[in-house]
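There are 2 protein chains.
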Amino acid sequence: MLDGAAQDLLFREARTANSFSSEPVADEVLQAIYELIKWGPTSMNQQPLRVFLVKSQEARDRLLPYLEEFNRPKTESAPVVAILAADLDFHEELPKLFPHFPQAKDVVFADPELREWSGSQNAWLQIGYFIMGVRAAGLCAGPMVGFDAEGVNKEFFGDGKHKALVVCNIGKPGENPWYPRLPRLEYDEVFIEV
Amino acid sequence: MLDGAAQDLLFREARTANSFSSEPVADEVLQAIYELIKWGPTSMNQQPLRVFLVKSQEARDRLLPYLEEFNRPKTESAPVVAILAADLDFHEELPKLFPHFPQAKDVVFADPELREWSGSQNAWLQIGYFIMGVRAAGLCAGPMVGFDAEGVNKEFFGDGKHKALVVCNIGKPGENPWYPRLPRLEYDEVFIEV
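Protein sequence lines, in the order shown, are assigned to chains A and B.
For the first sequence, position 42 (counting from the first letter as 1) is numbered 41 according to numbering that gives the first Met the number 0, and the numbering increases by one without interruption.
For the second sequence, position 91 (counting from the first letter as 1) is numbered 90 according to numbering that gives the first Met the number 0, and the numbering increases by one without interruption.
Some clues are possibly wrong.
Where chains are identical, the list cannot tell them apart; a pair therefore holds if satisfied intra-copy or between any two copies.
Claimed, not checked - List of simulated lysine to aspartate or glutamate pairs, EDC-like, C-alpha gap at most 16 Å:
| # | residue 1 | residue 2 |
| --- | --- | --- |
| 1 | 95 | 188 |
| 2 | 171 | 75 |
| 3 | 37 | 7 |
| 4 | 54 | 2 |
Bear in mind the hints are in silico, worked out from the structure with no lab data behind them.
Only chain A is shown next, with the shape it has when bound in the complex (with noise of 0.2 Å):
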């Protein structure tokens, strides 16, 4: 089972942080983040998650105008924003990572929207295995949705096959990095017998 202090850590103290201190964020940290989160299963193994690293000021200058405004100080601040985005292509890594389906690339993924819908939907449950990476690096995580996605993909992304789902500021908390803490849902409202 795991420990109290790792629950608390990834799960029970952890919070979603609106400011950052300006400590940077290594490249090494980044890789033990993938090097962990790598493992987290997926739908025949299809990996569609990419985390495009917004860290040099041009960059960020690029993503600012795309972001609600009440979202914009929160990335200023933070030292690395990720932008994670489905890759639309995936199939066309399956040979190597499905190695004993290779036809899977075109067998069951030959069509467009079916690979739309499968890749944002392992996309999405990679964004859950990121958050925890993150946390277990000992950062704080500021997931965001309220962005414009098509500028996003437009702006970054011109070749039509990447698909932004969140944008992601990482670092250590700065001032006032929280707010209160909302309620959760009973365990019996959640967790239902059939």
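Take the given structure of chain A and dock chain B to it, following the hints.
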């Protein structure tokens, strides 16, 4: 930072189980899983995931015909099976869950199509937390998308207000529980600086 044993438990050594022992899963364990994962963040705190627990033989017999044949033996062997679904009327809870903006229920989420989109995405995110929570309890998860979701919706949720996304077997591993580990993408294939 998360210690190595916890990293192993949740990510590195954790595997999708394909067979299960007959050891039962106590209700207290299911409750402990929820008490952890309920803290995972969702957009506007909407918490759309509902977990329908299949434990009795009668409930299992209703579920099995909707699974792909190759998935049925796994579900037959698991002591508990969860139908992980999005509640498409999650907005009804927002006055309680997002109390500083109770109008969100009607102002933001009046449109059923938008609710299906937002509720499905956030439920997938919570499924990521759910899989981590099952592993945190020292159990194996066996998430599957190979089933007739429309059929499950009609059989279990006649109201049209719930959408099944994943069927997840839960328990201790049985005999020959693992397939060989599948390859993962490299760090620089997934994390890309813009």
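Structure-based check of all given hints:
Taking the shortest Cα distances, residue 95 and residue 188 sit within 16 Å of each other only across copies (13 Å), while inside one copy they are farther apart (42 Å). With identical chains, the CA atoms of residue 171 and residue 75 are at most 16 Å apart within one copy only, with a shortest distance of 14 Å there and 46 Å across copies. Taking the closest pair of Cα atoms, residue 37 and residue 7 come within 16 Å of each other only across two copies (13 Å); inside a single copy the shortest separation is 22 Å, beyond that limit. In this homomeric assembly, residue 54 and residue 2 never come within 16 Å of each other (Cα to Cα): the closest approach is 34 Å inside a single copy and 27 Å across copies.
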